[in-house]
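Those sequence lines, one after another, are chains A and B. Counting along the first sequence from 1, when you hit position 12 you're at 12 in this note's numbering, and nothing is skipped either side. Counting along the second sequence from 1, when you hit position 549 you're at 709 in this note's numbering, and nothing is skipped either side.
If you're looking for bench data, these hints aren't it; they were derived computationally from the structure. Given the structure is predicted, the values throughout are model-derived calculations rather than measurements. Backbone N, C-alpha and C fix where the C-beta goes; we use that ideal spot for every residue, glycine too. Take the hints with a grain of salt, since some may be wrong.
[What the hints assert, rightly or not] Computed, partial: chain B to chain A, Cβ under 8 Å: (1) V240; (2) T241; (3) T327; (4) F395.
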Amino acid sequence: MPRRSFYSAVIVGLNAIMGAALALPTLAYLLIPTRSRKKSDFVDAGDISQLTIGTPVEMSFQQSRIDGWRAVTEKRTAWVVKTAENKVVAYGPQCTHLGCAYHWEDASKQFVCPCHNSFFSIQGAVLTGPAPRPLDRYVTKIENNRLQVGALKPSDEAKG
Amino acid sequence: MKEKLQQFIDAVDDRTGIPSGINHFLMEEIPDSSGWHQVLGSVAMFMILVQFFTGIMLAFNYAPTPGDAYDSLRYILTEVTAGRIMRGLHHWGASMIIVIVVLHMVQVFVWGAYKKPREATWIVGVILLLLTLAYGLTGYLLAWDNRAYWGTVVATQIGATVPLAGTYVSRLLASTGDIGVVTFARFYGLHVLLLPPLTMMLIGLHVFLVRRHGVAPAPGDELKPKKKFYPEQVFKDTVAIFIAFAILFTLAIAVRVPLERMADPTDTSYIPRPEWYFLFLFQMLKVFDGPLEVVGTVILPTLAILALISAPFVDRGKMVKVRQRGLAMGIVALAGIGWGGMTYAALKSTPPQSAAAQIDFSGPVQWMGLKPAELSGVHYYRQENCGACHNVTPGGEAKAGPNLVNTGRRHDQAWMLLHFKEPQATSPGSAMTPVNLTGAQMNDLASAMAALTPDNGDLITNTPAFAADGAALYQKNFCSACHMVNGVGGKMGPALNGLAARRTEAWTKEHFVNPQKMSPGTPMQVYKFSQKEMDDMVSYLFTLPDKVSAQ
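Produce the entire structure from the sequences given, and follow the hints as far as they go.
The structure is reproduced here in structure tokens:
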């Protein structure tokens with residue numbers, strides 16, 4: 001019955017077109033990252049001239065961030081290690097395993113995450129435990145002995 | 161293979177009954193006369209499903225509280241990929257549903273399909289029409305821009321005129337005093353929590369009743385052999401749905417739905433206007449004035465609804481042929497003419513919105529943050545046709561002169577002024593002709609060039625003409641000597657940011673013409689502007705940001 005199959009074909013075809021016309025914008029709407037408005041700038045985290053080389057210190061600073069339709073300013077911290085005169089590394093304060101807050105243990109000279117016993121060296125490398133990658137690092141620069149902190153990135157990206 | 165598939169379908173049918181249910185639905189018997197005129201119900205149902213879908217999608221990126229609602233909608237429109245399409249589909253879908261539902265009702269009425277025994281189907285349909293209007297009313301507020309806010313103020317004030325119940329209607333909608341956070345929460349709750357399940361239930365009932373009584377046959381058709389719903393009528397329904405969808409999709413992509421200034425309860429110059437399908441009610445307020453107001457806002461609409469509901473009981477005649485029902489047809493025609501006339505009169509009599517009120521805040525608005533000199537420079541950039549030889553967007557087409565996006569970083573003001581006067585003095589071999597402007601005008605042009613960055617170069621092209629022209633006029637008259645705009649200017653007169661919240665445009669225009677009358681004792685002098693100059697100046701002043709953002 002050619003007329004009957006023509007009807008069926010048109011019904012299926014038109015529905016497929018409409019389905020695609022709705023599905024494509026929807027996938028784009030839900031899955032494509034939003035156009036970002038601002039790249040995060042450097043913020044001042046404090047004076048580093050008093051830090052001792054080889055002793056990590058937790059420093060806090062205010063960093064602003066775009067959160068959807070809001071611009072929020074929030075307190076962030078970094079574990080800052082002075083590696084040489086006028087040279088520092090600033091680690092993100094969360095363990096790379098599941099995001100727990102780790103701390104520095106002066107006795108063992110290690111960063112210790114209490115949640116699942118991940119241990120990191122002062123260079124941020126994983127010594128033992130479940131952490132999958134070295135500690136994340138902030139992009140940093142030093143201006144007049146003051147630490148300027150930028151975006152937080154995985155260690156290999158931040159180094160390079 | 162085919163056998164296996166059939167086995168699988170049979171197995172599913174045994175356990176769920178779904179395949180035979182679908183079959184039963186598709187193989188419904190319909191009258192021989194069924195055809196293109198009966199597609200509208202299916203189209204309406206499809207459009208409502210699209211509304212549900214796009215509404216849910218919008219809700220994924222939307223914060224339902226005033227302030228955040230506006231910011232999140234602007235985020236959807238400017239930052240989320242395909243967000244503008246999603247909102248366009250939802251916005252235009254709402255209008256199209258109204259049209260389709262009304263056409264559906266007219267068709268049912270003209271074909272006499274509401275008559276015994278189909279009264280209940282008709283009444284459920286009338287309720288669905290009212291729900292559709294309720295969606296429009298409650299959804300209008302959710303953008304929380306000036307248009308939404310003031311449209312809702314008018315609508316809720318109409319509700320408040322209901323005798324006796326008016327107070328309670330206002331309390332129910334939390335619109336007794338100002339429209340605020342509670343009103344917003346009520347409207348949002350109605351729009352997304354109450355109305356959708358109610359609609360689904362009533363559509364279910366509506367379709368069930370249609371199936372129970374069968375599709376209404378045309379006169380003389382009752383005894384002819386029936387045909388099946390599938391495939392011919394399904395084909396016609398699908399084609400009609402596709403046409404409606406194509407129109408909707410085209411509207412969503414081609415016609416931009418603006419987002420106006422964020423709702424400002426103090427903006428007394430805003431001319432409120434509801435969505436087009438409520439304009440007739442809006443017009444009623446003008447026709448029935450004073451104590452008669454209630455006739456137009458409540459009594460007539462209530463009578464209309466009652467007339468719709470009681471139509472199948474009043475009109476009990478068996479005849480369904482159009483020619484035998486002159487009175488019924490006359491009433492439909494009269495209602496159509498009345499509605500159309502009222503809407504037309506409303507459109508005619510509502511003054512056009514001012515240029516400042518029409519600014520689309522989901523479009524480029526960087527120009528609003530410019531200082532008067534910079535904005536005035538945009539005017540001279542255009543007047544001198546600099547764009548003929550220069551480009552101001554990064555990576556734009558190559559022109560005779562260099563791209564100017566980075567000119568502000570490379571050169572200082574002195575260099576630019578010399579360059580305007582004697583191009584070859586700064587740029588040997590340049591083909592540029594000297595700029596024919598006064599010193600003050602050149603200063604403004606240099607300011608505009610200094611303000612350009614790779615991110616904002618397109619403000620040269622997207623600044624509205626009235627703003628650039630108004631700013632040039634502002635500079636020409638040395639308004640900055642006494643007034644502050646965007647952080648620049650004197651303090652003798654009041655700062656002009658936030659003027660829109662303090663004064664009306666009419667007041668401001670009168671103030672230019674007769675300062676002493678409007679503000680006795682003011683040191684401001686009289687300014688005689690042409691009509692266009694006055695409009696540009698006032699529109700410019702009314703688009704100034706309320707607060708100067710710290711740069």
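- Task: Check each numbered hint against the structure and report the violated ones by number, ascending.
- Result: 3
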